[in-house]
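J.: So the chains spell out like this:
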Amino acid sequence: ETGVTQSPTHLIKTRGQQVTLRCSSQSGHNTVSWYQQALGQGPQFIFQYYREEENGRGNFPPRFSGLQFPNYSSELNVNALELDDSALYLCASSLGRAGETQYFGPGTRLLVL
Amino acid sequence: GQSLEQPSEVTAVEGAIVQINCTYQTSGFYGLSWYQQHDGGAPTFLSYNGLDGLEETGRFSSFLSRSDSYGYLLLQELQMKDSASYFCAINNNDMRFGAGTRLTVKP
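Top line first, the protein sequences correspond to chains Z and U. Each residue of the first sequence is one higher than the one before, starting from 18 at the first, in my numbering. Each residue of the second sequence is one higher than the one before, starting from 29 at the first, in my numbering.
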C-alpha cells in the first residue's frame, strides 16, 4: 500500500508568482483535502476534492484553486503569491467525503519572499 | 461556523496520564477526530468518535459528548515519544482543526 506523497518538499517563490503543488493519494482513496498550516497553528482547510469534483471549500480566496485527476491525485494552485502564503501545505487522502481517517502527506513547505 | 478550543500547552511526566480537552461550537458534524503531529512531521490519525462515549485504542482513548459540545483525548502511561502537538478536529465534509495542544513529557 502506497502512502500519500507530495511534491516538491520545499519551494521558494517571490511575491506575485504562481505555484503548483502536487499530491498523490493513498491507494484506494477517492478524496483529497488540502490544508495550509502556519507555524504553531493547526491545519486550515483549503478545499476538498471527491471524485474529481470540489466538495467543500474553506475561507481562502479564489486565487487558491485545485484539481483532482481520474487517478485521484490532486494539484493545488496558488496565484499572485503573497508573503502570508508562506506555510506548510498538507494534503490528506481519505475514503469517502466524510472519511473518518485522513492520511496526511509529508507536506510542501512554501516560502514566499 | 465552527470553532474548536483546546489548551495550548500541557506538561506531564513519564508514566503519568494526561487529558487534553476540546470544546467546540458547530451546528452539526459527523464526528470528532484526534491527530498527533511531531515537530517537522505530518499529522497522524489517533482516534475518532462518531458516537458519544469512549473509544479506546491502546494507550490512547477519546471521548465525545455531543450534548456538552465536548471531547477529550486521554493518554496513559506517557512516554517521551508522546511529546508532540495534538489536534482535535471536526469531521463535517471537511476537517476543521483546533489550534493544537503542545504536550511535553518530562522524565
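Hints were generated in silico from the structure; no laboratory data involved. Treat the hints loosely; a few may be bogus.
Subject to a maximum C-alpha distance of 25 Å in a straight line, what follows is the list of computed SDA-like cross-link-like pairs (lysine to any residue) [what the hints assert, rightly or not]:
| hint | chain 1 | residue 1 | chain 2 | residue 2 |
| --- | --- | --- | --- | --- |
| 1 | U | LYS109 | U | PRO35 |
| 2 | U | LYS109 | Z | ALA55 |
| 3 | U | LYS109 | U | VAL38 |
| 4 | U | LYS109 | Z | GLU99 |
| 5 | U | LYS134 | U | ASP80 |
| 6 | U | LYS109 | U | TYR76 |
| 7 | U | LYS134 | U | ARG94 |
| 8 | Z | LYS30 | Z | ALA104 |
| 9 | U | LYS134 | Z | GLY57 |
| 10 | U | LYS134 | U | PHE57 |
| 11 | U | LYS109 | Z | TYR120 |
| 12 | Z | LYS30 | U | GLY68 |
| 13 | Z | LYS30 | U | VAL46 |
| 14 | U | LYS109 | U | GLN53 |
| 15 | U | LYS109 | Z | THR118 |
| 16 | U | LYS134 | Z | LEU56 |
| 17 | U | LYS134 | U | SER89 |
| 18 | U | LYS109 | Z | GLY57 |
| 19 | U | LYS134 | U | ASP96 |
| 20 | Z | LYS30 | U | SER31 |
| 21 | U | LYS109 | Z | LEU84 |
| 22 | U | LYS134 | Z | GLN58 |
| 23 | Z | LYS30 | Z | THR118 |
| 24 | U | LYS109 | U | LYS134 |
| 25 | U | LYS134 | U | GLN53 |
| 26 | U | LYS109 | Z | LYS30 |
| 27 | U | LYS134 | U | GLN107 |
| 28 | U | LYS109 | Z | GLN58 |
| 29 | U | LYS109 | U | GLY86 |
| 30 | U | LYS109 | U | SER31 |
| 31 | U | LYS134 | U | GLY78 |
| 32 | U | LYS109 | U | THR54 |
| 33 | U | LYS109 | Z | ARG80 |
| 34 | Z | LYS30 | Z | GLU99 |
| 35 | U | LYS134 | U | SER55 |
| 36 | Z | LYS30 | Z | LEU112 |
J.: Does each hint hold? Answer for all of them.
T.: Tested hints:
1. U/LYS109 x U/PRO35: Satisfied, since the Cα-Cα distance of roughly 20 Å is no more than 25 Å.
2. U/LYS109 x Z/ALA55: Roughly 23 Å between the alpha carbons, so the hint for U/LYS109 and Z/ALA55 holds.
3. U/LYS109 x U/VAL38: holds (15 Å)
4. U/LYS109 x Z/GLU99: violated (36 Å)
5. U/LYS134 x U/ASP80: Answer violated: U/LYS134 to U/ASP80 is near 32 Å, above 25 Å.
6. U/LYS109 x U/TYR76: Between U/LYS109 and U/TYR76 the Cα gap is close to 21 Å, so the pair holds against 25 Å.
7. U/LYS134 x U/ARG94: Roughly 33 Å separates the two Cα atoms, so the pair is violated.
8. Z/LYS30 x Z/ALA104: OK: Z/LYS30 and Z/ALA104 at ~12 Å, within 25 Å.
9. U/LYS134 x Z/GLY57: holds (21 Å)
10. U/LYS134 x U/PHE57: violated (36 Å)
11. U/LYS109 x Z/TYR120: holds (20 Å)
12. Z/LYS30 x U/GLY68: holds (21 Å)
13. Z/LYS30 x U/VAL46: violated (42 Å)
14. U/LYS109 x U/GLN53: Violated: U/LYS109 and U/GLN53 sit about 31 Å apart, past 25 Å.
15. U/LYS109 x Z/THR118: Judged against 25 Å, a Cα distance of about 22 Å means the pair holds.
16. U/LYS134 x Z/LEU56: holds (23 Å)
17. U/LYS134 x U/SER89: Answer holds: U/LYS134 to U/SER89 is near 21 Å, not above 25 Å.
18. U/LYS109 x Z/GLY57: With a Cα-Cα distance of about 19 Å, the restraint between U/LYS109 and Z/GLY57 holds, given a limit of 25 Å.
19. U/LYS134 x U/ASP96: violated (32 Å)
20. Z/LYS30 x U/SER31: Answer violated: Z/LYS30 to U/SER31 is near 32 Å, above 25 Å.
21. U/LYS109 x Z/LEU84: violated (37 Å)
22. U/LYS134 x Z/GLN58: The given pair, whose Cα atoms are some 23 Å apart, holds under the 25 Å limit.
23. Z/LYS30 x Z/THR118: violated (32 Å)
24. U/LYS109 x U/LYS134: holds (10 Å)
25. U/LYS134 x U/GLN53: violated (33 Å)
26. U/LYS109 x Z/LYS30: violated (35 Å)
27. U/LYS134 x U/GLN107: holds (9 Å)
28. U/LYS109 x Z/GLN58: Judged against 25 Å, a Cα distance of about 21 Å means the pair holds.
29. U/LYS109 x U/GLY86: holds (15 Å)
30. U/LYS109 x U/SER31: violated (29 Å)
31. U/LYS134 x U/GLY78: violated (33 Å)
32. U/LYS109 x U/THR54: violated (33 Å)
33. U/LYS109 x Z/ARG80: violated (39 Å)
34. Z/LYS30 x Z/GLU99: holds (10 Å)
35. U/LYS134 x U/SER55: Roughly 39 Å separates the two Cα atoms, so the pair is violated.
36. Z/LYS30 x Z/LEU112: violated (33 Å)
In summary, the structure is inconsistent with hints 4, 5, 7, 10, 13, 14, 19, 20, 21, 23, 25, 26, 30, 31, 32, 33, 35 and 36 from the numbered list given earlier, while agreeing with the others.
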